[in-house]
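2 protein chains.
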Amino acid sequence: MSKKHQLSVDPARIGAVLDGRWAEQRYIGRSFIDSEHAVLSETGDLEQLREETLAGVKALIDTGISGLPLPESEGGQNNHAGYVAAFEELVTAEPSIQIKAGVQFGLFAGAIQHLGNAEQHDKWLKPAVRGELLGAFAMTEIGHGSDVASIGTTATYDPSDETFVINTPFRAATKEYLGNAAVHGEAAVVFAQLITNGVNHGVHCFFVPIRDGAAGEPLPGVTPEDDGRKGGLLGIDNGRLSFDNVRVPRTNLLNRYGDVAADGTYSSDIESPGRRFFTMLGTLVQGRVSLDGSGVTAAKLALDIAMRYGLQRRQFTGGDDAVEEVLMDYQQHQRRLMPLVARVFANAVAHDQLLESFQLVFGGEDDSDEARQRLETQAAGFKAITTWDALCTIQECREACGGAGYMWENRLVGLYGDLDVYVTFEGDNTVLLQLVAKRLLSDYAAELKDIDLGGVARYIGTQAAEHSLYRSGLANVGRTIGDIFTPALNNKRVRSGHVQQAMLHNRVEVMVADLAGTLRPAASMPPAKAAEVFNSVQHQLIEAARAYIEALKWEALNDAMHEVQKRSGHDEEAKLLRRIRDLYGLSLIEDNIGWHIMYGRLSMSRARQIGPTIDSLCTKLAANAGDICESFGYGPKHRRATIAEGIEAKRQQEAMDYYRNARAQRDFPVDERHLYKQRKAKEKKAKRG
Amino acid sequence: MSKKHQLSVDPARIGAVLDGRWAEQRYIGRSFIDSEHAVLSETGDLEQLREETLAGVKALIDTGISGLPLPESEGGQNNHAGYVAAFEELVTAEPSIQIKAGVQFGLFAGAIQHLGNAEQHDKWLKPAVRGELLGAFAMTEIGHGSDVASIGTTATYDPSDETFVINTPFRAATKEYLGNAAVHGEAAVVFAQLITNGVNHGVHCFFVPIRDGAAGEPLPGVTPEDDGRKGGLLGIDNGRLSFDNVRVPRTNLLNRYGDVAADGTYSSDIESPGRRFFTMLGTLVQGRVSLDGSGVTAAKLALDIAMRYGLQRRQFTGGDDAVEEVLMDYQQHQRRLMPLVARVFANAVAHDQLLESFQLVFGGEDDSDEARQRLETQAAGFKAITTWDALCTIQECREACGGAGYMWENRLVGLYGDLDVYVTFEGDNTVLLQLVAKRLLSDYAAELKDIDLGGVARYIGTQAAEHSLYRSGLANVGRTIGDIFTPALNNKRVRSGHVQQAMLHNRVEVMVADLAGTLRPAASMPPAKAAEVFNSVQHQLIEAARAYIEALKWEALNDAMHEVQKRSGHDEEAKLLRRIRDLYGLSLIEDNIGWHIMYGRLSMSRARQIGPTIDSLCTKLAANAGDICESFGYGPKHRRATIAEGIEAKRQQEAMDYYRNARAQRDFPVDERHLYKQRKAKEKKAKRG
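Protein chains in written order, with our numbering: chain A, 41 to 729; chain B, 41 to 729.
For reference, chain A alone in the conformation it holds in the complex (with noise of 0.2 Å):
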């Protein structure tokens, strides 16, 4: 690697930043690797890898972790984030085991503490802490998945025996893609429409068991169904659940927002329907929140073992024609990973900020309206952009190292199938983006925050409406610096801090604007027409609420930049994030720059510096690939990637050796390409002669 770009810094302080306030919890996710059930055998064996994983779950309870976010009060810290945070650093043991550990402790013992009531807890919620209840989250159907509201599966009250009834009616209400639900769970939490006195008060949940002690026969009623295998998440025993007449008591509705009296009369304290839906949906946001977070982890890792590797492959001779070329010197390599580099940057600095978002409402600090509605958006549009760069990165990653990145022993694989999953569960990426945009329509425009357009966009309408008091915070930043785009922004230098906020806001800005001038007709049409019109941009809408969320990505990385700066000593390490956030800002810019030329935000002849600019931080960003590879804090055990632990530059140096060695030898052989060019000189001079 060429040394002239390279920054002295740190890799510890880098390190520091990206991980955050809850660096603490996060070493004890990371630690986890030390446990000898935390990875998984290198089989393709389903049963024999559930039980792995099952294993894997329970050593994870001895760590402390999911007890974490429990109230003091029942033996926790209500330390929702420090949880969330070494959760996440569990794929870096195995997906497999976070994800099962995700459904146990994140969404089947979290809606028993979010949605149910004290007595509850105790009969539920301890043990499912501690791994002696194990059960699954049913929500998603077969029939509909994003679009919650509108599952089959019914709870109709019968007050002659004071229970629940809980029914399939058809099979698309069948409840799907359920971990624990195959093998291992003894209950499940059941979303279902509640009905009582006539009246269906929309989805709620309850608390059933389904099968007679853990692994065991299921109950009367009750059919799971196995998925069999997937894309990744092998270890994970996800199923289907159909239920038959299957009678609860009436004390197994978790009650928090909704209540059935022993006669059948139904209570809320919310009054509205829609409201109290998504006020007992949006308890659910952990998962999102820490989705984001585990994308962070995943790409890191991805691109640890990618740079190791890339410091030590060489082919092809470049200058000198003895020694070739490391791969991480080549221009193309930089360009392939750099960005990506500047991605997981700018992904992780952010996802601090939602996670302290997390953390005060969850802990109680700030439970507001406004506090939760900013939550909830920040944690769909970062978990979008990040698990679908965490994919992107792990692939670009597995091409970088060619034929070898395609070995299991490498890791990336695996590591792909497993991810992929994390684009479309917890909240279809794409349905997220759509819920991110119509809530900066709603608070950019007073009248599209009650509009109804059908659709998905009834279903994000609703939820918006319903958030009257949020805020993005948007219109603010673009008024303070709506200035700045003076005819001399043209001349001021790329790089420029002000330029890339001005340029990355003001394009949010106009877009939903643009968007609120389409949509505002829509208002007063009929709804098929309406819905319509809501069709024919929801491509930019989604195009609108991506630029928005990469804006606040960008302001957080410029902010941890910041941060350091102002620190005496740090200056190499603050320049090291300056580069960081200059490539992030800029391809940013450069991946729509058609739309920043035809808007005039930038002049034809400075946006011709963007590409080389770009070319240039990469070549300086990839002389410190080996410190930004520390300063991931993974070691040799969360890599688990021959390719990336030295062998490569081992044998390399072997070869080196062994021509160094023949050459010295007199019958070394001489190559025929140089005899080649010799004759050939040798004629074309007799010819000349």
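Any given hint might turn out to be false.
Footprint (simulated), chain A over chain B, 3 or more residues, beta carbon under 8 Å [unchecked claim]:
1) 142-156
2) 179-190
3) 351-362
4) 455-463
For the record, the hints were derived by calculation from the structure and aren't laboratory data.
C-beta: ideal position from N, C-alpha, C; glycine also.
Place chain B on chain A using the hints.
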């Protein structure tokens, strides 16, 4: 689905365009699915999958496919393109069977056929083609993949017993990733540096027995290792081979391009060692040709599954409260899938042109240097873009199917894992595009032809230098359309074929001219400095190659459209192809819209039309999504995806029937949301009153 834009097309006619000139052999390949050995078990057990795959390869022999490329004198049909077309369709059965067959017939037998003599054909080719002699293709080493000239394995001639001594001098020279090496291979064609009389004559190919019978014990001096689990292609027994003083008779050298006499004298018809090397490698172009077509098959399969599901699956209500919308009606769903449909059409028809080039050269009709070079460039560039497209397409399709897409039973995740390696084997895509770029350069400027820039440049440079007759044909197209860039251009419709053509070609020309300008001075620089200059434009080189290849594919699509337009009574089919061509062309322009504006090829007002025009084309094309699925020519046995065969529509009908019947009952529960709305309206009225 909206019928507004639907064209009345005959899917068979569209299918004929896709299937091309070797449709007959393509159907033979497609019908292999009827063999009882065509599909592997849904298991993760490597041993079982490998045996099933071997059985599949043997079953394949009964179809007669493997004999197609043999000369008529050896019982074949000299039908190289037909063989490849049939082979490509095997992706619909199992990629594992396809690639193991490719190793056996294309690589192992192919090397014997193209590099060996008649006697060697009798001895090894015939049993190889009959599947009685299984073999590995031992070219790649741990230390060298793309840079084949630098492999370390040696074959040193010993006149005392007239043998070659094969050696692996150091660990990095171990042959790696070889199908058939871990278990089934009885022999290997081994690429090694041929050394005789103290001269290294470069890489040659040797027939080397490695096992005592099929799946038998390794022969003395041969050490096989097993690569174990991979990201996909689990049915193939990839492995490593190393050699310790393994002696093979002199006559085991496949001696078509270079031979060694009993006394050790080397001889070759090709004087230049560089040219000889590339001629030998050139005979193996078939692998790249067939992967190009395999990428088409895989992408078609994935789109077939996702579109069939998208036409059934309903989610969220739109204009009508009672009936949910099908996914394919959502703009974003169209925007996700339709550009990929356009790409697979472009890749398919371009591939047919590649097959024609291939048949011309290998059938012997035009075996000129120029034809070979054109073929090699096409194969390299097409393969790179098509295989990347296939991966992106499969992933997008998997996400478009949500959680169902992640289930093994819906095929997409398995297909992704299998196809993943296609982007780095038979030539790493990144290296292949550099090869294309260097040829563009040497065609553009004579002085760049012999430039020695070191590194990858040198590798590519040598190849290009050897190919002085190479003509991309691009400059000619460029000249004829040069005058289209009048000020009036921007007033033409963006869907004009001439405008698309001019923009796509002009971009390539400008990029190549820019690069030539940067690289020209490097020709007179010292090697290290020159290598640095070359490296500084590596990314641009790759982008130029991509632009060139995509322009060629656009031409192929344009040709195919005109072909259909000429046929009477095919108007609707021609219109569909025009939509596809325009969507492909405009998507390419949108991908690089900043470039086109910056270089003054597109006015800003016209540029703003591109996005909405693409939106509209996607919607129009989606109206024929069902016909497009039909045109792919696959049945349920090829797709093997539960969600693609009507089960989803059936479930949704069942759910709709349930609700219709339930609503007709007196005791159907009232929705609380309606009661809430009524109450609110009443309260409002009361307040007013």
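Cross-check of the supplied hints:
no.	hint	result
1	142-156	violated (count 0)
2	179-190	holds (count 8)
3	351-362	holds (count 7)
4	455-463	holds (count 5)
Checked against the numbered hints given earlier, the structure breaks only hint 1 and satisfies all the rest.
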